[in-house]
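Q: One-letter residues, chain by chain:
There are 2 protein chains.
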Amino acid sequence: MTKSIFNSLKGNIWLEGLFGLEKENIRVDQAGNLALTPHPAVFGNKLRHPYVTTDFSESQIEMITPPLPEIGQTVGFLETIHDIVSLELTNEYLWPQSIPPILPADQQIPIASYDEEGSEAREYREFLAQKYGPKNQLFSGIHFNFSFSEKLLKLLYLKSDSLVSFDEFKDETYLKTARQMLRLRWLYVLLFGNSPVVDPSFELRCKMAPYPVDKNVIALSIRNSCYGYRNFDDLYPDYGSVQGYKASIDQMVKDQKIAAPKELYSAIRPKFIHNPDHISYFEFRCIDIDPLTKAGISEDALRFLHALALYGLLTDETDDFGPKVQAQANRYHTGVALYGLNSTPFLIDEEKQNVWHKAQAIIQQIIRLFTDCGIDQFGYMQSLNQALQLAKKPESRKVYEVLGGVVKDGYVPFHIQKANEYLTDSRDKSYQFHGLEDLELSTQLLLREAVKRGVSFEILDRKENFVRLKKEDNTQYVKQATKTSLDNYASILAMENKLVTKKILEEQGIRVPKGLEYTSADTAKADFLIHQGKPVVIKPNQTNFGLGITILKENEDEETYRRAVDIAFEHDSTILIEEFIAGKEFRFFVIGDEVVGILHRVPANVTGDGFRTIRELVELKNQDPLRGKGYRTPLEKIQLGEAEAMFLKSQNKDFDTVPTLGEVVYLRENSNISTGGDSIDFTDDIPDSYKQIAVLAAKALNVVITGLDMIIPDVTAEATNDNYAIIELNFNPAIHIHCHPFQGKNRKLNEKLMNALGY
Amino acid sequence: MTKSIFNSLKGNIWLEGLFGLEKENIRVDQAGNLALTPHPAVFGNKLRHPYVTTDFSESQIEMITPPLPEIGQTVGFLETIHDIVSLELTNEYLWPQSIPPILPADQQIPIASYDEEGSEAREYREFLAQKYGPKNQLFSGIHFNFSFSEKLLKLLYLKSDSLVSFDEFKDETYLKTARQMLRLRWLYVLLFGNSPVVDPSFELRCKMAPYPVDKNVIALSIRNSCYGYRNFDDLYPDYGSVQGYKASIDQMVKDQKIAAPKELYSAIRPKFIHNPDHISYFEFRCIDIDPLTKAGISEDALRFLHALALYGLLTDETDDFGPKVQAQANRYHTGVALYGLNSTPFLIDEEKQNVWHKAQAIIQQIIRLFTDCGIDQFGYMQSLNQALQLAKKPESRKVYEVLGGVVKDGYVPFHIQKANEYLTDSRDKSYQFHGLEDLELSTQLLLREAVKRGVSFEILDRKENFVRLKKEDNTQYVKQATKTSLDNYASILAMENKLVTKKILEEQGIRVPKGLEYTSADTAKADFLIHQGKPVVIKPNQTNFGLGITILKENEDEETYRRAVDIAFEHDSTILIEEFIAGKEFRFFVIGDEVVGILHRVPANVTGDGFRTIRELVELKNQDPLRGKGYRTPLEKIQLGEAEAMFLKSQNKDFDTVPTLGEVVYLRENSNISTGGDSIDFTDDIPDSYKQIAVLAAKALNVVITGLDMIIPDVTAEATNDNYAIIELNFNPAIHIHCHPFQGKNRKLNEKLMNALGY
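First to last, the protein sequences are chains A and B. First residue of the first sequence: 116, per our numbering; consecutive thereafter. First residue of the second sequence: 116, per our numbering; consecutive thereafter.
Because the hints were derived from the structure by calculation, they are not lab data. Among these hints, one or two may not hold up.
[As the list claims (entries may be wrong)] Computed list of lysine-lysine pairs in DSS-like fashion (alpha-carbon distance at most 25 angstroms, straight line): (1) B:K814 to A:K585; (2) B:K269 to A:K649; (3) B:K752 to B:K544; (4) A:K361 to A:K386; (5) A:K274 to B:K668; (6) B:K640 to A:K269; (7) A:K269 to B:K668.
Since we're looking at a predicted model, the values are computed, not measured.
Put together the whole structure using the sequences plus the hints.
A: Following this line, the structure appears as structure tokens:
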């Protein structure tokens, strides 16, 4: 990779790639003991679930993200899997540390169980337990899967004037990057290593001194040190070429150093997915779980690692990376892991360099390189500067906070407390798909359920919330969560057309507000006789904010009627005169033959306690984690704005009024959730007779998924022919309002939808 | 109905109602002989087809429109049925005259045949043949079914302060209107009667002189005269009340004057459809087929009849309408029918009035009444004024033109010539649904096919081309002809999203133009290396009129490439750089597993003959009945406008240039049909291998109906992996372009669609 390449290729294209993570977390009980319960059944077959499986032990959950084009998305995806898994555990936590929790005796550590299909997996694990001991298998960590984008590789290839084929060029690129990462990995461990102490139940054996050692060892990253889980022999693969790499590993197997290639615990593994002869991506395996981050890894750490890979690719190699150089790199790596807690200069390699100066120098070189390449993405520059600060001020590294906590509270209590904090956060954010927060909440919820069920998904058009779900031979295209293949197009068009909807419902004997459409004021006025004495709504065909609407509950005065007609015509050239039906409006969510949720919306309000002001009551109510701003949460915070002030004023109140105990004060007239309204679940409170009507209405239009709006004057009375009316059927109803209402149960419509989609 | 009512109810609401027609036409061979062939099998079961059946004879086709809210639609519907039936006959015509064509001997006249289900219908016809003779049964005419709108009736009821129930009020309204129409029907016959002569094969018997009379009788309306088909006895139903009416008819049956109520051939029949005790509408039965109008009845005649009904309703009755008055009205009616050809004053009734003065006076009263009621619809005012002119100038009545034609050419030749003219017109307009010309042609074609197959339909939203089809238990909602229940919503959304479509097709190994999207000019420019040396189209993501698009067939010059990028960015903030694939574009229309039509569009053009100018060639080409203006026809006329002049100028031509023999001159660059382009059918000319790819593409998106655009460089070569490309799949493709191409076969996509919809 010559200078000329990054001189001619400029910009953030350098950052293009695919990023994936695999993380192991031990399940523990609330006292920090390794859980002896089985892997949660909800995640189904361990061999098939793309996101959640087990590693060595039944209690060692492995979470896998798909390759994603941006590190923020990848970390978010991992956090989401973490949330989902956490919420499926009963009285258990995910242990937030690479070093294991309290372990029972070897023979009690449950090896992952499999059905017949998984007998090979089981056998391999038994072999590993035999060879390395089961406790050693419980070191947990994070693997980072990384590839450059095809476009970046293509551009590099075209600019390199390389004489080899494109596939060979890619291999060379990945191998060089791998070699450089192996040389440089100590720097990552130095800054982000975070497995400093062990529980007394864990027996440490140091490879450099292969006998039991003091259990009170304290280090930067025990997992990356000689105490970590590793091969017995020093093994040096050939990273010079694909052929050489494969041959060298085959030789290790032949020599019975390892039983299979996968037993080679190298820091970096090239992966051959699309083609057995060419590298598809590589896996970086030195990442400790970060106990201070719920996901176990921060975007900053991962961006730094990515920057390090680019730096490796774009700087010249100084040696041939044969066994001698590899051994030196390994020593540097384990040395940093073991002694890196020292913030004073320390000397571990032959060069006797000051490790902190060396770290700073490299990071500064990376920053310079990024500038030269025209890479200016804020997140990366921030990560690099942060890394530089860590190198300059080693005691600001997170490992110190962990150590401090362990010293203060004890190893287990500190980590359990963290696990508990994360569980609370997982609960509070159970509506969210991290990294995909720009998607509609309904789609985020659906995708969470996809993850849970092991349904792979792909976002086809992010702005459009258009996704593809796939599990085995069931592929589904879904837009905005509820636009699916379950509904036929003609029914969608019928729902979309209010007049058609009403006509079809009426024919089926289902009550809708009767109405007439007028394009002439004279005709509308002449029809007074028809409407006289009946409660009517006179409204423009299209209206915003309810402008131009008059409700005449008596409609006996012709003058008033005529004026209402004129007012409506001021807002549209077509008006409707409709039967007025008094009552509350309810949203019935129908899937197939079932009403799966019923919701009622109430305008923004607070209930007095006799001593707080309206302002204080609003602030209190807004603390609900479900309330946020900008539709990123199921409910919106109540505003203390002009509209609210005006509405209070109309009630002779202001923000400083103190409502009496139990007094409900409304701050808005409209019941929209977007202006702070409350959503109240009525699913169990509405008589079945109304639900049957809703299902009949859906059947009349031949629709499977619909959000049906029904007015009911008295929910305590059973439905009759004339004590309800259906306003409309929505073909794209939101699901999140039924999953996270202000008041009532989570109706789990994402689960119901996934059922309906056949997953 | 007092004056006060029409004083307080004003406007065209008076015209609201439902209007239906039933017309009989005898099938004849090309020599004018009664056809002895069976009823066309395409129309299926005679008892079930809502639009096309037979009356007495197997050769007497009866065409029935549904009740429609506007007379123009009703007449258009009838004309469309007439067109459809005409085109299904082989070497036969529909005889355009109420008086029969050349008839064989009685025993050879085929009575309508039925299967077992129709045995009752068959028996009744045999009874009629026995009682009245089969020839008399072949008088054919038109029945007009009419009801007032419910809203009009409701308003009249509310304003009338009537003490009876609304249903009884309606009965009273219909009965009064019926009585008045019976009194006034002579006026309709006087103006529009048109059955003046008979063929010698037809034996006339006059009821007033019940012995064979001179066959050379000439009259205004033989069918309405004493020679017409009628009951043997003078029968006077009681029109005073529903109960009285029913009782009087039961008495006739008891007295064996008639075998069943339906044997009573009164001029007006009240109909009881929704409720056996109340009138739903009435049937007016005095209309002669108008030989000068393809549909057999003009809108003008029908509007006049409607106006006459309103006049009857709104004027006071002068007598009790007992048998004596009925007999007098009958005499007046048959008298006018028999003697009404005289344009001089003639005296037929006891009052010895001048019939023309009386006619003029009534029409003037109607016009005055309309003015008083605030009715100002143009069509009605025109009809009334035209009727007044006929009364003032009796020799301008159509019957004279018919008589003149018969005198000149002979009875049979004159009518056969008319039938032949109408058949040509039916062929020329075979893309059209008369009265629904504002619908898209695709929808008109689909509805024609619905009529043919006996599928009832209803227009749910006219502007939206949203219809409901129904036959037996198959109900289908269809919008714009090709948006149906056959397709699932997710597939529609996938087709709608070009990026998603391309992704899915690519995954299936189907070739699409590869491309990249850019939002930054710098990035696009930096990618020159990727695109270099490959033919590309550089274009704004969204573009009108092709602005901002550059095609680089070589793409070796970076400067040109960079300029093209800048130009594209002038038109949109997102641009596409796509592989350019040379070749012709073809529209593949896919239904399910089959490519049912392939079309190629060519820009507006003329082919020289060596002596006509371009202008003359255009005028000649525009005479094609398929070419029209404003999308009412399958092709548009070529314009001689500025755009065409400019495009000719760029070829050093103008409208006066004379192209050489065989020279093709293009007048437009774009191939849109809307600017005069030609549509050329290629269905049989494209190798199956491309059709298979189109079907695979449809399957990949799981769509049933799609219009797929494919580029093919060489249609003589079989498809390979890389000699085609799919541009897009359209979820709402037009069908008319495949049914009525400029060149090639009618691919009958309306039939194919109806098959797919299960009809």
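Q: All hints, please: hold or fail.
A: Hints, one by one, checked against the model:
Between the alpha carbons of K814 (chain B) and K585 (chain A) the distance comes to roughly 17 angstroms, so the proposed pair stays at or under 25 angstroms and holds. Taking the CA atoms of K269 (chain B) and K649 (chain A), the gap is about 15 angstroms. The hint holds against a cut of 25 angstroms. In summary, the hint linking K752 (chain B) to K544 (chain B) is supported, as the alpha carbons are separated by about 16 angstroms, within the 25 angstroms threshold. Taking the CA atoms of K361 (chain A) and K386 (chain A), the gap is about 11 angstroms. The hint holds against a cut of 25 angstroms.
As the CA atoms of K274 (chain A) and K668 (chain B) are separated by approximately 23 angstroms, the hinted pair is consistent with the 25 angstroms bound. For the proposed pair K640 (chain B) and K269 (chain A), the alpha carbon gap of about 15 angstroms is at most 25 angstroms, so the pair holds. Of the supplied pair hints, the one linking K269 (chain A) and K668 (chain B) holds, its CA atoms being roughly 22 angstroms apart against a limit of 25 angstroms.
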